[in-house]
Amino acid sequence: MAGQDSDHALVVENLSVAYPLKGRDRAGARRRLLAVDDVSFAIPRGTTLGIVGESGSGKTTAAMAAARLVPHSGGTIHLDGEDFGALDAAALRRARQRVQIIFQDPYSSLNPRLRAAEIVREPMLYAGRTDRAEQERIIDELFEAVGLRPEQKSLFPHQFSGGQRQRIGIARALSTRPSLIICDEPVSALDVAVQAQILNLLKSLQRQFDLTYLFISHDLGVVQHMCDEIAVMYMGKFMEQASRDSFFAAPGHPYSRALLDAVPSIEAVDRPRPPLLDGAVPDLSEPQTGCRFASRCPHALPRCENEVPVLADATGAEGHHRLACHRADDIGPAASG
Amino acid sequence: MAAPLLEVRDLGVRFTTRDGQVTVLDDVSFTLERGERISFVGESGCGKSMTALALMGLLPAMGQVSGGMINFKGEDLVTASESRMRQIRGNEISMIFQEPMTSLNPVFTIGRQIAEVLQLHRGLDRRAALARAIDLLEAVRIPNAAARIDDYPHQLSGGQRQRVMIAIALACEPEILIADEPTTALDVTVQAEIFALLRDLGAKLETAIILITHDMGAVAQMAERMLVMYAGRRVEEGRVADIIKASAHPYTRGLISCVPHITADATRRLDRLPEIDGIVPPITSFGRDACLFAPRCGRASEACHGGRPAQAEVAGHKAHSVACWHPHDGGA
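The listed protein sequences correspond, in order, to chains V and D. Residue numbering for the first sequence follows my numbering, starting at 1 and increasing by one per position. Residue numbering for the second sequence follows my numbering, starting at 1 and increasing by one per position.
Looking at chain V on its own, in the form it has when it is part of the complex (with noise of 0.2 angstroms):
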């Protein structure tokens, strides 16, 4: 992965976050939480990589990292081929624009006082762009774009439902044509029905805008669906990377695999069910010696629990997979489903 790359849109390579907590450890070393734990990935343009992991994981912080809109404690970011992680306050304010982020809850993330049009017009305002013309010419053509009607444009958050006003926050995301548009959870807050209408916008607009997506989410059907390449991650690490169809055709972590077997299906109505996940998660504010899913492993020797993985490529899988697992080769890849 070269950090210079212009074929990617995002490269991140050792990415860490830490947060320092009261007190010091055995050693005299300043205590702190490792949330984010030595992580890379690269995404090319106008293609989607997805972080999946349960709520903890450090998704969320990971990708707020990659945006700097939380500091790192370690590693190099990569937008456009420029280095981002180095931009001093000034330089970061105007390069801010480019990297965009559409939020959960749709209730909470536009302001209630600002019309539709304005909450669009604001990211541009702040990135200097002050040609009246050329906003409004922006602002009509996204409405368009994210199926609002002309007439929407002057009415307020509250007068909108709940995939409306999603559309309103994509529409905001796109209006400085960002590098690097982070979708935290977008549908998981919306209607079922409305999800589809959602993931199916975003889809399209990838087409029309060559948008590059990082797509975090905890649901695995909405990851295979909108995802080109698959992150795992557990408790700030990154236990799988793999390209979509590798990913679900043979997942090699035990964690993956557990995620996936706990997902309900509907054509699980007689399926035998999967063992469930036992043991106590590990406490990050301590230094991690091993695996950090040895305690919750199935599959898990004392090696486990004193030596930690390192993300190596999987034998025999086709194509780009990785795995930080030290049993990986005898448990052998599963098939999903």
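In case anyone wonders, no lab produced these hints; they're calculated from the structure. We treat Cβ as the ideally placed atom computed from N, Cα and C, and that holds for glycine. Take these hints with a grain of salt, some might be off.
[Claimed, not checked] According to the in silico footprint, chain V covers these stretches of chain D (three or more CB under 8 angstroms from chain V):
| # | segment |
| --- | --- |
| 1 | 180 to 189 |
| 2 | 269 to 276 |
| 3 | 284 to 294 |
[To be verified] What follows is a set of in silico ranges between Cβ atoms, one per label pair, in the way DEER data are often shown:
| # | chain 1 | residue 1 | chain 2 | residue 2 | range |
| --- | --- | --- | --- | --- | --- |
| 4 | D | Ala241 | V | Gly128 | 58 to 64 angstroms |
| 5 | V | Arg303 | D | Gly123 | 53 to 59 angstroms |
| 6 | D | Asp271 | V | Gln152 | 24 to 30 angstroms |
| 7 | D | His154 | V | Arg45 | 42 to 48 angstroms |
| 8 | V | Pro298 | D | Gly67 | 50 to 56 angstroms |
| 9 | V | Glu286 | D | Arg127 | 38 to 44 angstroms |
Based on these hints, arrange chain D on the given structure of chain V.
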């Protein structure tokens, strides 16, 4: 055949609003056998939760039952007194909710909140109730239960709080447990644990379970029968396996196909998910003599806008019924 545990027939509920009376539930009927698991499915605002609240006698102040009956073990709950309903709630019919944090009282220990139910309904003294609370915490698989009864809700994770809610709901071994989107706020791995717990305890106590959800996957995993609701009406009812294999109502088909389901064959890639156009109509337009789904339906004809379809058996399928002028072929 013995009478069912619960029989709801032609249940109607109205709200009194500033603009007059609006229909919220419109002739909803279903039965529930002892120990059976049924699911109410549909989008928000279709009357799933309102049906549950009507069973519990907990309709909001502006709502009232406008017709029909709720026959529970030979007693009509529609006409039951408030003091009788207080005896039933939490004792014979209990309920758990979507958000386990807001359902628990933050200033009392969980042991005390479980014990309260037993003191109230079973007349246990405080010490016996607390001892029983420990058993219940063990039954919902909270480790080290004896030490945890002195914990406050904020000391528990979301999944553990929902287990405590289940312990409270099952404390009196009720005949019916209503679970209203019990796992929406939880991780998928925790959801699997909660479902397993509900199935196991339901079977052990012979408690019938009503699961309210919009997730067809959850229905497939949890329920034997389902009742699909739209705009305050029952639109399809039948065995879960039958409906997933061959749903008759276009709305049910839409609910099943608009969700991306995981497949092992990842090369099969849908470019677009099938959509159900539009949204659920506002309740002010409920109750009309028409199919209320017609404006969103690809199969709608003039008949659909002109009259309400009756609930009819799907040809050749017993116990599978649909309210639609142009149902899909049951065998397709």
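Taking the hints in turn, this is what the structure says about them:
{"no.": "1", "hint": "180 to 189", "result": "holds (count 3)"}
{"no.": "2", "hint": "269 to 276", "result": "holds (count 7)"}
{"no.": "3", "hint": "284 to 294", "result": "violated (count 0)"}
{"no.": "4", "hint": "D:Ala241 <-> V:Gly128: 58 to 64 angstroms", "result": "60 angstroms, holds"}
{"no.": "5", "hint": "V:Arg303 <-> D:Gly123: 53 to 59 angstroms", "result": "56 angstroms, holds"}
{"no.": "6", "hint": "D:Asp271 <-> V:Gln152: 24 to 30 angstroms", "result": "27 angstroms, holds"}
{"no.": "7", "hint": "D:His154 <-> V:Arg45: 42 to 48 angstroms", "result": "45 angstroms, holds"}
{"no.": "8", "hint": "V:Pro298 <-> D:Gly67: 50 to 56 angstroms", "result": "54 angstroms, holds"}
{"no.": "9", "hint": "V:Glu286 <-> D:Arg127: 38 to 44 angstroms", "result": "39 angstroms, holds"}
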